[in-house]
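Student: Sequence:
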Amino acid sequence: MIRSTLTAHLAERDRKELTLQLNDRDIGLLATHRQQHYVASGNRRVQLIAGILTDKDDPAAIHDTRVQLRQWQLAFRDLQIQGLSRFLEAGINDGLEADFLFLMTAEIVFVFCNKDLGVYLHRGERIYRQQPTLLPQLNLSESIRKLDFYAFRPRENDNFLIIDPEFIDLFMAEELEELFGDMRQLNVSMAELSSIASQSGYSNDTTWFSVHVQRIDTGQMSGSKNTSLGGSEYDHSGFLQSIRRSKVVPLRDGNVRILPAELELERQVRYFEESQAQAPKFISSFGNEKPRLQNKRTGDQRQYPSAARTQEENPPEPKVIDRIKMWNAGGIKDVFNRLFYRATHLFEHSRSLSLLTYIAIVLLLLLLLVWGIKSIGSGRGGEEETKSPDSTVEESSTIDPDATIFEIEVEVRANSLQVMTSPAGTDLIATLQRGDKVFQTSQAEEGWVRVRLADGRQGYVLEQLLFPEE
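Residues in the sequence shown are numbered consecutively from 1, following my numbering.
You may find that some hints are simply not true.
[Said to hold, decoys possible] Think about it this way: if two alpha-carbon atoms lie no more than 30 angstroms apart in a straight line, the pair counts; the simulated BS3-like pairs of lysine-lysine are:
no., residue 1, residue 2
1, 115, 374
2, 115, 16
3, 115, 247
4, 333, 16
5, 247, 333
6, 437, 374
Calculated from the structure, these hints are not laboratory results.
Full structure from sequences and hints, please.
Tutor: Right, here's the structure in full:
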């Protein structure tokens with residue numbers, strides 16, 4: 001007996017076309033309860049997961065799938081009674097079809113899956129990728145034989161994960177080993193990985209299967225079972241011992257899929273045969289319509305108006321707005337998502353330290369940005385300040401000294417008042433007598449006042465003479 005926890009998660013697209021038989025339960029398209037996630041723990045002699053793809057729009061395919069599900073339910077009961085070795089040698093037949101198959105006993109694990117899926121083993125503190133191996137001589141259906149075959153022996157506390165290799169490529173091997181090394185359940189770790197992957201450009205939900213081996217019982221079965229079945233619950237048969245085990249590659253050395261030499265040779269031979277020129281095939285046309293009649297009917301169907309025919313033969317060029325609508329920015333989004341993931345995973349062994357470093361870098365960049373904006377603003381302000389004195393000097397230098405800002409009529413009170421060309425100058429313009437009228441045109445500066453005479457001439461007079469004290 002082997003006690004394990006089986007977990008199956010179906011992506012939304014797979015839930016609409018895949019049905020899984022997990023031991024005696026089913027999930028997926030044709031299941032009683034169309035759930036997307038399933039977790040079950042239990043003691044079984046043989047653990048079983050069988051998956052069948054179905055076209056939901058084809059009634060015949062749905063009927064065939066229901067028949068297959070009933071056959072797999074009967075096969076699961078036979079597995080618990082006979083064991084895996086006797087079932088494979090005598091019980092299984094080519095009537096059982098599957099697009100995914102997982103069989104596990106206390107001695108061996110069989111996995112049949114598509115080449116787009118990878119089988120990963122977490123044992124101890126390391127993660128390994130299982131490699132396909134040679135399929136034994138079994139009476140299997142063609143749908144199972146075309147799948148990749150894996151065979152390996154389980155141990156207690158092992159974790160098996162079957163998932164898309166591109167999902168694993170999003171993470172570092174050390175990070176996955178640290179995450180799977182925690183004592184929590186594997187489905188909890190996968191939920192955290194899916195959340196991280198959604199932030200790293202892997203937005204599509206993915207289907208995955210996981211198995212956690214809790215305990216392997218090595219004791220003998222009860223006396224009645226020993227009598228009827230003839231021995232231990234282990235399948236110590238020469239048939240199982242003869243199956244070649246899968247080789248493993250540490251995930252740290254690369255997430256690669258390596259075929260055995262025999263399978264690689266078969267693949268090359270098959271590729272060579274398919275690439276050769278094929279002989280012509282002669283097919284009888286008895287009972288078919290004559291080609292001339294078919295061409296005539298086709299021509300009759302295409303006798304639509306010339307405008308419509310011209311539009312079909314010469315479709316219009318897409319406009320700019322159509323090109324914009326067809327443009328997909330998913331690639332740019334993926335690049336930014338990957339950069340964000342790398343920035344938040346600077347330290348391999350410490351996620352919290354990576355996040356703190358990322359926040360510090362962001363704050364530092366914001367600080368530099370604010371400092372740069374302020375520096376540019378202050379530089380422009382200094383230039384304006386340096387320009388403003390020059391402009392005032394230029395403006396003051398261009399002011400006409402004879403320009404009149406204001407005029408105040410003043411009566412001369414002094415007996416004699418001399419009007420000079422400039423303050424403290426020696427050139428005399430005119431001499432005024434008491435009672436003459438002048439117009440003050442400026443404030444007093446250094447004891448001199450600018451005045452305008454009645455004839456329009458301007459000059460400077462002493463302030464104390466123009467405004468004698470009373």
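Student: Output the numbers, in ascending order, of every earlier hint that fails for this structure.
Tutor: Of the numbered hints, 1, 5 and 6 do not hold.
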